[in-house]
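Asks: The lines below spell out each chain.
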Amino acid sequence: MTTPPLPLEGIRIADFGQIIAVPYTAQMLAWLGAEVILIETEDRLTTRVWPPFAEAEPGVNRSGGFNLVNSSKMSCTLNLRDPEGVALAKQIIAVSDVLVENYSSGTMERMGLGYAAVQALRPDVVYLSLGAFGRTGPMKDLVGFHSVINLFSGLASVTGHKGSHPRIMGGLFPDAFSGCYCVLALLEALYHRANTGEGQYIEVAMTEVLATILPEAVMKYTLDGTEPERVGNRHQEKVPHNVFRCLGDENWVAISVEDDAQFRALAQVAGIPEWAEDPRFSATEARLSHQDELEPLIEQWTLGCKVEDVVEKLQAAGVPAGPVLDSAQVLADPHMIQRGFVQSPDHPIVGPRPMGAFSWTVDGGQPAIPRSAPLFGEHNKKVIQELLQVPGEEFERLMQNGVIR
Amino acid sequence: MLREGALAGLKVLELTDQVSGQVAGSFCARLLGDAGADVVKVESPQGDHYRKSGPYPGGVPDPDCSGMFLYLNSNKRGVALDIESPGGRAAFQDLVATSDFLVLGQNSSEVQRFGLSRERLSESNPGLIVVTITPFGLTGFNSAYLGDDLIAISSGGMAYATPGIPDRVEDPGREPPLRSNTHMAGYLAGVQGAMASVAALLSRSMTGTGCEIDLSMQEAVAAVMPFELAHASYHEAKPRRPEIFGVMPNTYLPCQDGYVVVMAVMDAHWRNLMVIADNPDWAELEVFSSGVERARNWDALEPLLLEWTMAHTGAEIAQLAQERGIPCFPAYTVGQMVDSAHVIERGFMVDMEGPGGQKFKLPGYPVRLERTPWKFFRPAPKLGEHTSEVLGEWLGYSDAQLSTVGVEAR
Chain A
1 MTTPPLPLEG
11 IRIADFGQII
21 AVPYTAQMLA
31 WLGAEVILIE
41 TEDRLTTRVW
51 PPFAEAEPGV
61 NRSGGFNLVN
71 SSKMSCTLNL
81 RDPEGVALAK
91 QIIAVSDVLV
101 ENYSSGTMER
111 MGLGYAAVQA
121 LRPDVVYLSL
131 GAFGRTGPMK
141 DLVGFHSVIN
151 LFSGLASVTG
161 HKGSHPRIMG
171 GLFPDAFSGC
181 YCVLALLEAL
191 YHRANTGEGQ
201 YIEVAMTEVL
211 ATILPEAVMK
221 YTLDGTEPER
231 VGNRHQEKVP
241 HNVFRCLGDE
251 NWVAISVEDD
261 AQFRALAQVA
271 GIPEWAEDPR
281 FSATEARLSH
291 QDELEPLIEQ
301 WTLGCKVEDV
311 VEKLQAAGVP
321 AGPVLDSAQV
331 LADPHMIQRG
341 FVQSPDHPIV
351 GPRPMGAFSW
361 TVDGGQPAIP
371 RSAPLFGEHN
381 KKVIQELLQV
391 PGEEFERLMQ
401 NGVIR
Chain B
1 MLREGALAGL
11 KVLELTDQVS
21 GQVAGSFCAR
31 LLGDAGADVV
41 KVESPQGDHY
51 RKSGPYPGGV
61 PDPDCSGMFL
71 YLNSNKRGVA
81 LDIESPGGRA
91 AFQDLVATSD
101 FLVLGQNSSE
111 VQRFGLSRER
121 LSESNPGLIV
131 VTITPFGLTG
141 FNSAYLGDDL
151 IAISSGGMAY
161 ATPGIPDRVE
171 DPGREPPLRS
181 NTHMAGYLAG
191 VQGAMASVAA
201 LLSRSMTGTG
211 CEIDLSMQEA
221 VAAVMPFELA
231 HASYHEAKPR
241 RPEIFGVMPN
251 TYLPCQDGYV
261 VVMAVMDAHW
271 RNLMVIADNP
281 DWAELEVFSS
291 GVERARNWDA
301 LEPLLLEWTM
311 AHTGAEIAQL
321 AQERGIPCFP
331 AYTVGQMVDS
341 AHVIERGFMV
351 DMEGPGGQKF
361 KLPGYPVRLE
371 RTPWKFFRPA
381 PKLGEHTSEV
391 LGEWLGYSDA
401 QLSTVGVEAR
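Taken in sequence, the protein lines are chains A and B.
Each residue of the first sequence is one higher than the one before, counting from 1 in the working numbering.
Each residue of the second sequence is one higher than the one before, counting from 1 in the working numbering.
Take every hint as true, because none was put in to throw you off.
Derived pair list, reagent style DSS-like, types lysine-lysine, alpha-carbon separation capped at 25 Å:
id, chain 1, residue 1, chain 2, residue 2
1, B, Lys361, A, Lys220
2, A, Lys220, B, Lys382
3, A, Lys306, B, Lys238
4, B, Lys52, A, Lys220
Covered stretches of chain B (chain A as the covering partner; in silico rule of three or more C-beta atoms under 8 Å from a C-beta of chain A):
id, stretch
5, 244-255
6, 343-349
7, 357-363
FYI, nobody ran anything at the bench for these hints, they're computed from the structure.
Where a beta carbon is used, it is the ideal one built from N, C-alpha and C, also for glycine.
Full structure from sequences and hints, please.
Replies: Structure below.
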């Protein structure tokens, strides 16, 4: 049996991504079969020179922050401050189907690589620009990392404990979530191009991406001016709905009870069936107004138990529960390993390192297996000599002049 | 209705059972409709969970006007069918046979119970792409587990990682992991489900055959945490500790009238920040000489910066900083974001109107595609609004056949 082709086989992508959001986007496209050429410039490096480094030892090929969002790509290092470097970049773009970038607004244009210029090189290009605030509007020139985007979008204002200050969501959430929307948009644009021959310009604002998860808050505010409150892990309809400490250090279990039947089951599992008879707890409405009393009682029980025992017993009784996993536990989770989510591509310098792959399977298997991230400039020869057909002597000259480096 | 958009001409059938309140299946289908596909939402005669959830424009519960329902189901048509009844079941199967996508957002046991796996459905429709979004996926040790947003955010690693970089946790042993008061995992899984769907469509263009996509909400959460996973993978650092902050300042600090974002990661930003902070004598210290050093020595730097921010309002700091190209500004509430000049000028919010003429807004679409732009094609359907229309149009059902499907068409 032959392996079916990947969805993006035959598609080439020029990747001008910075930090996480667009590199993450291009990585997903690489996993889906596209040939992604990451175009790097030595004095503009971001995650390559930032921690975490393997064993905390710095080095351009040792950063996990880089290697986990650039797997399956090729690396071509050009000096984009040199006109000859830009000329090579243009040659790469001319043979690419897609260009993705998230430099500050105006940077690509200043290098002569804005949409209009690129369209002249490649009329059917799909060109994606992502910015913290997008490419239009009064704040378009402001740079923003995830923290800024959390705090501008209002997400931080609905994240935090009751009566306490706003908090920043973990996981550099705005970057990767924006990346997901970018991947979706690019796949749609490529489908449209396959049907019509037409490329297009795509623009994404990360702050707007975050606002897409706040419909209730936006609606309430625009109806009557009410701002949302911070409620910790609690829920307006489900109770208990929180994380509870378990045996050991930094171990928590998440429990979410939807109805009274589930609460009775929880009380049974906890060995305190009287909870279900207590007028403070027996019905959802009553439980909602007595959470401050109920939660410590539940934690008294969970504190003596292992996380996995609580989860297993509650799930067996039909109560939604799950472990609160830290990053290392995610990568070691037997269930996600069994589903193929955790992959460990072997990197020539730092060795095999576990990472997350696809959140879905296709017909029971991972759609593709990631290859390790490229070394700095690893594919210069392949891209410039083989793809662009630049002769060897010329390649050497460009190397010596620091155009390729 | 003639639709435009990248996915115009494709049919999507959505069946989501939302007892657990997950938004993923509905959002996934909506995104396909946003791209121009003809999306039909199948509901039981009792109606979708979110019809009962609000917020309601007039404050009075109205199943056709719940804010969450309106948001999750715009750009769809609605069919009400009792798929537990023989007539409803047969009509549902006929709809599946003519669809390009079947989007299922349920617990895994429901998928098994209704025999909705592609294996069963592909005989009548080999091109069908089945997209299943469940809390833990359809395979693996924990596939039978129940779950919702809290469970997915927790078991996917995001709760533990929150508060996130560079938010300080004084005692990681006692401060509980945190979720946001949103349906974050559902939206994450919904967008990824749509990604997987269009990827499968591109494959189908080459092979002619559909496939079964099995998406796990737990993994949809873990999949957006490459940076935190990298820390675990590369030097065993746990989240919520300063050693994973990377480069600083990249944070928010209290100021006179709230909170202000202070971001000066690049050295040029840092130098400018020190200028607007009146060049304090600590500005040139070796321990603050680079973003990495400033992260390493954040314990010392934070109180120094705090002294400066607390002497100003957020607006004062923002103005000084932005004049010098440093991205600082006051932290916004949801309302301040909605009312900001930036959001208004970009026209991001969509104007809506309730049944009593109440005006309100909902978030629009965050991606602008020049050639295949997002449009608000139609508002969310009333329960069963398009039952006869869709069964007639997709299946050629006559009025007599309609009366057998178990639901009275409106």
